[in-house]
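For chain A, the structure is supplied; the task is to place chain B on it using the hints.
2 protein chains.
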Amino acid sequence: MTRYLNQSEATKLDEELFNVYNFGVEQLMELAGLSCASAISNGFPSFKNVLIVVGPGNNGGDGLVCARHMKIFGYSPEIFLPKRTAKTLYENLIKQCELFEIPILNACPSVEELNAKYSLVVDALFGFSFKPPVRQEFCEILHNMIHMSTPCCSIDIPSGWDVENGPTLGAPYLKPEMLISLTAPKLCARFFKGKLHYLGGRFIAPVLARKYELELPNYVGIECYVCLS
Amino acid sequence: MTRYLNQSEATKLDEELFNVYNFGVEQLMELAGLSCASAISNGFPSFKNVLIVVGPGNNGGDGLVCARHMKIFGYSPEIFLPKRTAKTLYENLIKQCELFEIPILNACPSVEELNAKYSLVVDALFGFSFKPPVRQEFCEILHNMIHMSTPCCSIDIPSGWDVENGPTLGAPYLKPEMLISLTAPKLCARFFKGKLHYLGGRFIAPVLARKYELELPNYVGIECYVCLS
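In order, the protein sequences belong to chains A and B.
The numbering of the first sequence is full-length UniProt numbering, which starts it at 1 and goes up by one.
The numbering of the second sequence is full-length UniProt numbering, which starts it at 1 and goes up by one.
These are calculated hints, taken from the structure and not from any lab test.
Note that the structure is predicted; figures quoted are calculated from it, not measured.
Glycine included, every Cβ here is placed at the ideal spot set by N, Cα and C.
Errors might be hidden in some of the hints.
[What the hints assert, rightly or not] Computed spacing ranges between beta-carbons, pair by pair:
#1 A:V20 / B:K193: 41 to 49 Å
#2 A:E164 / B:E213: 48 to 56 Å
#3 A:G74 / B:R3: 16 to 24 Å
#4 B:S8 / A:P172: 40 to 48 Å
#5 A:A209 / B:S76: 13 to 21 Å
#6 B:A209 / A:C227: 26 to 34 Å
#7 B:R84 / A:K87: 31 to 39 Å
#8 B:F191 / A:F191: 53 to 61 Å
#9 A:K175 / B:R3: 44 to 52 Å
#10 B:E140 / A:E164: 25 to 33 Å
#11 B:L169 / A:G74: 41 to 49 Å
#12 B:K193 / A:M1: 38 to 46 Å
#13 B:E16 / A:K175: 29 to 37 Å
[As the list claims (entries may be wrong)] Derived pair list, reagent style BS3-like, types lysine-lysine, alpha-carbon separation capped at 27 Å:
#14 A:K12 / A:K87
#15 B:K175 / A:K12
#16 A:K12 / A:K131
#17 B:K95 / A:K12
#18 B:K195 / B:K211
#19 A:K95 / B:K211
#20 B:K12 / A:K95
#21 B:K95 / A:K211
#22 B:K71 / A:K211
#23 A:K12 / A:K71
#24 A:K71 / B:K12
#25 A:K87 / B:K175
[Said to hold, decoys possible] Derived coverage of chain A by chain B (criterion: at least 3 residues anywhere in the stretch with Cβ under 8 Å from a Cβ of chain B; other residues may be distant):
#26 36-42
#27 148-162
In isolation and in its complexed conformation, chain A is listed as follows:
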């Protein structure tokens, strides 16, 4: 059984990848985003018009890389960035998407637009370092994603969910059909009720997996994702 990580374990594992393994953010983000695009091509092979909703942190960076690889794979992705950050890493990833001719939306799409234009929405808003509440600038897009009928694929954490305790009951919350956990599932994945749960981010050394008692499932051959459901 794959073990689910709490927020502090996920943070420590991430810090170890950067500070002990000396991985660069760009390097792991490239592998993480590629694994997301690959898993989506497995879960939704015929869903060509895809919107990727990109947050301002590393989860958003994974989304930008995912968008570029989806374009390479033959999808027609578009991007919405509720809040652009001035970080060089972000600007570079956005530049790459622009040069790969991926449209970037100017305005927040309405529920009707999400339903009419896209066959899949990828949620790359918030990752494992999210702490509620959702800040003002993300409320409109998250509201629209919660109320759309288009299926949603969340990267690592369904946005708005508590990383450990899942959705806040009593209020509407995002219900993705697909979840791609990265490196290892976080505790909130226990509350995931969608059909497709994948694991991506195949870059953990065996010694590190043992240290965190991850008991990762076996990836097949050279595949960079594995289906857990």
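Structure of chain B alone, referenced to chain A:
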């Protein structure tokens, strides 16, 4: 027909990836090395004991990334570095290999050792910026690779070959069984007589491929390599 690039075109394309697309070296090296490991798993699926010979430039960096992914895929790679460089990028990639428990040889393996211990040798010594002659510190390993009976897989350029004019006739030269061209084949690939020619490095935007008239072959699905032979 895929077009073969001369040395100056290869250099210009590379500069454009870094200076216009703002790709990071780490980012593209990760994709290039992953595509090499993936292509090798296709070309030599049952050759588990592999030595990766790593040069001091970006070709060597691709080799270090390739080694790590081969380990992840279940191979038993080892590494030989004829000349360690103090560059941070290199030190980080080597650190990652060490933590993935990939042995690093202390001494140059003899022809007999190459024949006895390894079922495949990956040549990641010199890439497309190589200019002859081969410097002293690389002569022994290159000599041994030329005279070994173990099959060789060269990354991008068979080491010691002129990037445009191929091997120097009249002297013994490396004859790889497999060549993995990265982004696009270089002119010397016309002289490649091995059985397996692959293309890896699936990260060129269509607009850039058109600019350089690359006429790249179609990659299949989400695969990061394509067999040209």
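Quick rundown of the hints versus the structure:
1. A:V20 / B:K193: 41 to 49 Å: holds, 44 Å
2. A:E164 / B:E213: 48 to 56 Å: About 53 Å separates the Cβ atoms of E164 (chain A) and E213 (chain B), which means 48 to 56 Å holds.
3. A:G74 / B:R3: 16 to 24 Å: Hint holds: Cβ distance 23 Å, inside 16 to 24 Å.
4. B:S8 / A:P172: 40 to 48 Å: violated, 59 Å
5. A:A209 / B:S76: 13 to 21 Å: For S76 (chain B) against A209 (chain A), whose Cβ atoms are near 18 Å apart, the range 13 to 21 Å holds.
6. B:A209 / A:C227: 26 to 34 Å: holds, 33 Å
7. B:R84 / A:K87: 31 to 39 Å: This hint holds: roughly 33 Å between Cβ atoms.
8. B:F191 / A:F191: 53 to 61 Å: Given a distance of about 59 Å, which is inside 53 to 61 Å, the answer is holds.
9. A:K175 / B:R3: 44 to 52 Å: For K175 (chain A) and R3 (chain B) the Cβ distance comes to about 49 Å; the hint holds.
10. B:E140 / A:E164: 25 to 33 Å: violated, 56 Å
11. B:L169 / A:G74: 41 to 49 Å: holds, 44 Å
12. B:K193 / A:M1: 38 to 46 Å: With Cβ atoms ~51 Å apart, the hint is violated.
13. B:E16 / A:K175: 29 to 37 Å: violated, 43 Å
14. A:K12 / A:K87: Judged against 27 Å, a Cα distance of about 23 Å means the pair holds.
15. B:K175 / A:K12: violated, 47 Å
16. A:K12 / A:K131: Status holds; Cα separation ~16 Å.
17. B:K95 / A:K12: holds, 19 Å
18. B:K195 / B:K211: Not OK: K195 (chain B) and K211 (chain B) at ~30 Å, beyond 27 Å, violated.
19. A:K95 / B:K211: Holds, at about 18 Å.
20. B:K12 / A:K95: holds, 19 Å
21. B:K95 / A:K211: holds, 18 Å
22. B:K71 / A:K211: Holds, at roughly 19 Å.
23. A:K12 / A:K71: violated, 33 Å
24. A:K71 / B:K12: With Cα atoms ~24 Å apart, K71 (chain A) and K12 (chain B) stay inside 27 Å; holds.
25. A:K87 / B:K175: Roughly 46 Å between the alpha carbons, so the hint for K87 (chain A) and K175 (chain B) is violated.
26. 36-42: It holds, with 3 qualifying residues against the three required.
27. 148-162: violated (count 0)
Going through the hint list in order, the structure does not satisfy hints 4, 10, 12, 13, 15, 18, 23, 25 and 27.
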